[in-house]
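A.B. asks: Single-letter residue listing:
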Amino acid sequence: MIKRSFLGLVKPKLEMPPVPEGRFEIKAVPTPGRVTLLLEKPKDPRLASDTVALSKGDRVKTGQKICLSSDSTVYTLSPVTGTVFQVSPSIGDFGTTYIAVSIEVEPEDVFDEAFQERMKQPDAALAREHLSALPGSPPFGAFFRENASIDTLCIMGVDSDFLSTTQRYILAHQRGALKRGIDGLKTLTGVERIVLAVPAGADPQLVDLGAEVREVFTRYPHTLPQLLMQTLFGQTVPAGKTCEDLGTVFFSAEAVAALGEAMQHGRFPGHKVLTVTGKDQTAHMVTARIGTPVREIFNMLEIETQELDRIVFGGPMTGSAVYSEDQPILPHTDAVFVQDRSRIPPISQNPCINCGECVRICPARIPVNMLVRYLEAGRYDEAADLYDLHCCIACGLCSFVCVARIPIFQYIRLGKYELERMHAAEANHA
Amino acid sequence: MPDSKKFIVSHAPFWHDGSHITTRNYHTLLAALPAVIFGMIQYGMPAVGVVSLAVSSAMIWEYLLNRITRQPVTIGDGNAALIGLLFAMLLPATSPWWMVITGTLVAILVGKEIYGGIGGNPFHPTLVAVAILMLSWKDLFDFDAALVDYEFDFAVAYPLAALKHFGAWAVEGFTPGGLLMGNQIGGIGSTFGLGIVAGGIYLALRGIIRWEISVSFLAGVFITALIFNLADGARYAGPLFHLFTGYTLIGAFFFATEDSSSPVNFIPMLIYGAGGGILTVLIRNIGVYLDGVVFALLIMNIANPLLDKLRPKALGKVI
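Chains as they are written, first to last, in our numbering: chain A, 1 to 430; chain B, 431 to 749.
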């Protein structure tokens with residue numbers, strides 16, 4: 001955990017620790033006996049009865065597409081060959097619901113012919129219909145939105161949060177796959193400008209990959225997409241808009257490497273690279289099948305968890321805590337870390353004392369001290385109109401530095417969520 | 431597959447930089463100690479008594495009010511102790527006991543608790559108490575009368591009173607160096623300029639107070655006093671005299687910078703501090719009160735919410 005420096009006058013320097021030189025020691029997690037895949041259901045309550053066209057006992061092959069009955073754009077590809085063991089509902093945060101498909105794994109992979117066949121004629125439709133489920137979750141859906149005009153692809157060769165070295169690992173060790181992936185992206189999307197964001201001081205030979213190489217800060221929060229838009233392209237994302245609205249899509253390096261691998265072998269690469277940090281704060285690089293329960297990874301790395309510890313998928317600033325060791329690795333999970341119960345910083349009921357730390361650290365220049373007063377009182381509309389709620393880029397630094405230990409960022413997320421819900425309800429009744 | 435272990439589930443961020451309200455208050459108490467200890471040495475046991483009574487009574491009031499209002503007990507966070515200590519630092523060493531406990535009651539009740547406790551107060555609680563006491567029992571803040579029994583190797587005359595009544599020539603005996611070293615009479619903890627400045631610099635470096643406010647306050651005092659001095663050197667004392675007498679230094683580092691009642695954006699901080707400094711000298715030089723710090727800061731406290739509306743445009747804000 002990064003502590004406040006003795007001289008509190010200086011802003012905390014939130015540098016990402018550099019990736020160790022030389023070869024990474026990477027461990028492969030053995031294929032588990034069971035994997036679980038999660039399909040996010042649409043928020044629309046009319047589609048609550050959504051399910052998948054699979055039931056217990058059905059056989060799935062590696063790379064087979066599993067999609068929702070109502071909406072075939074919500075899909076995943078099976079990372080293993082095996083038999084469906086259970087199809088059950090599951091819930092996430094902020095009312096997200098999932099369908100969890102558990103598969104009993106067979107030791108030998110049988111690759112799905114439909115996927116292999118389809119990979120022979122790569123086109124935009126393939127990207128949309130199959131490739132969004134690749135490890136790293138490439139956001140191909142962005143190209144098919146209404147009024148989408150994407151002219152720039154940015155590949156993230158930097159990790160956006162702490163405790164993750166996954167993207168930098170891929171950048172250093174999967175150059176071949178990356179190069180093929182970049183070529184593949186050009187054919188699939190037709191976008192000319194592909195920018196590769198790399199940490200400062202990266203290998204100059206990266207130019208050979210065929211993308212425009214640009215060095216970026218590895219200081220949090222400058223690694224977040226909204227701020228990278230500023231550093232790389234000099235564009236500011238207007239409040240309430242996304243980078244995609246400005247014509248830029250961010251791909252993780254892992255997604256591009258996975259695409260390269262899929263193009264090369266015509267098979268679905270079901271593995272992903274993860275940075276796992278244990279309680280002793282040593283980081284391990286592992287590869288695991290998508291859908292592996294996190295328990296299997298802990299078992300292999302001999303990380304012990306106890307009651308009231310915290311398991312986090314993603315980084316310490318932007319990740320999300322999970323409630324069970326059965327939680328599966330998702331295609332976009334870059335990092336997993338365990339926090340010992342004694343190291344979990346408590347939050348408090350203190351009111352804001354107006355010390356101004358959050359205001360000074362906020363990269364979006366939001367008056368957080370005022371914002372949090374409105375959010376605490378549940379006055380979300382005013383928070384958005386008067387105090388720039390929608391300008392928040394979700395870096396979490398306000399909660400990180402809060403002297404009163406108010407869960408500010410949680411209030412912000414709740415406020416955004418409630419506003420979205422209110423507006424959706426208004427739209428439905430209009 | 432039910433999982434027997436229960437994990438803590440919460441939202442990001444999962445790290446915290448370790449800062450805490452309690453640490454902040456304790457470090458502020460620590461920073462105030464040099465000036466307080468100097469006052470205790472200078473004025474002896476009466477000063478020790480006033481400080482002890484102020485700190486303890488402030489904490490007791492806070493505890494009682496927490497209980498009465500059925501709120502969580504917050505005396506552990508050090509804020510009540512800090513309010514009591516700062517209150518004692520402004521008083522003459524011979525203040526009667528009833529005045530001290532009345533003052534701390536006003537500070538804690540009227541200054542802080544009725545607004546909902548820490549963070550809700552629009553004014554500095556101690557300043558509210560001092561202002562009310564100054565208006566109620568004016569004589570008790572007459573330092574010349576209060577400290578008449580003391581004998582020091584410097585003039586036992588309250589510098590600001592001498593200036594007000596006799597003009598600039600009467601204070602020519604006070605050298606800036608002597609004033610800074612505490613060779614003057616005044617509040618228990620407000621005369622040892624060097625100690626206050628050292629404490630203030632410590633707090634600023636630790637990031638506990640906002641240096642912009644202190645610096646602009648001192649600059650406001652200095653520049654305004656300089657203008658008066660240049661205009662009429664016989665009536666108005668020089669800028670250094672104003673910096674090192676009365677409550678100027680303690681005001682700059684311990685009162686103007688109180689979190690809840692001061693702005694957080696850069697330009698508002700400068701306006702707030704400078705405004706306080708200018709008003710201080712205006713009250714001293716052309717007002718009826720000897721020292722203007724208390725009222726100047728209370729007035730700037732009122733302006734704080736308005737000042738903080740001057741803020742930079744948020745990232746990507748569309749109007």
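No wet-lab data here; the hints were simulated from the structure. Since the model is a prediction, treat every value here as computed from it, not as a measurement. Treat the hints with caution; some may be incorrect.
[To be verified] EDC-like mimics (lysine to aspartate or glutamate), calculated; alpha carbons at most 20 Å apart, straight line:
id, chain 1, residue 1, chain 2, residue 2
1, B, LYS435, A, GLU382
2, A, LYS27, A, GLU302
3, A, LYS61, A, GLU104
4, B, LYS747, A, GLU426
5, A, LYS416, A, ASP93
6, B, LYS436, A, ASP93
7, B, LYS436, A, GLU212
A.B. asks: If a hint holds in the structure, say so; if it doesn't, say that too.
C.D. replies: Comparing the hints with the structure gives:
{"no.": "1", "hint": "B:LYS435 x A:GLU382", "in the structure": "violated (41 Å)"}
{"no.": "2", "hint": "A:LYS27 x A:GLU302", "in the structure": "holds (13 Å)"}
{"no.": "3", "hint": "A:LYS61 x A:GLU104", "in the structure": "holds (12 Å)"}
{"no.": "4", "hint": "B:LYS747 x A:GLU426", "in the structure": "violated (24 Å)"}
{"no.": "5", "hint": "A:LYS416 x A:ASP93", "in the structure": "holds (14 Å)"}
{"no.": "6", "hint": "B:LYS436 x A:ASP93", "in the structure": "holds (17 Å)"}
{"no.": "7", "hint": "B:LYS436 x A:GLU212", "in the structure": "violated (47 Å)"}
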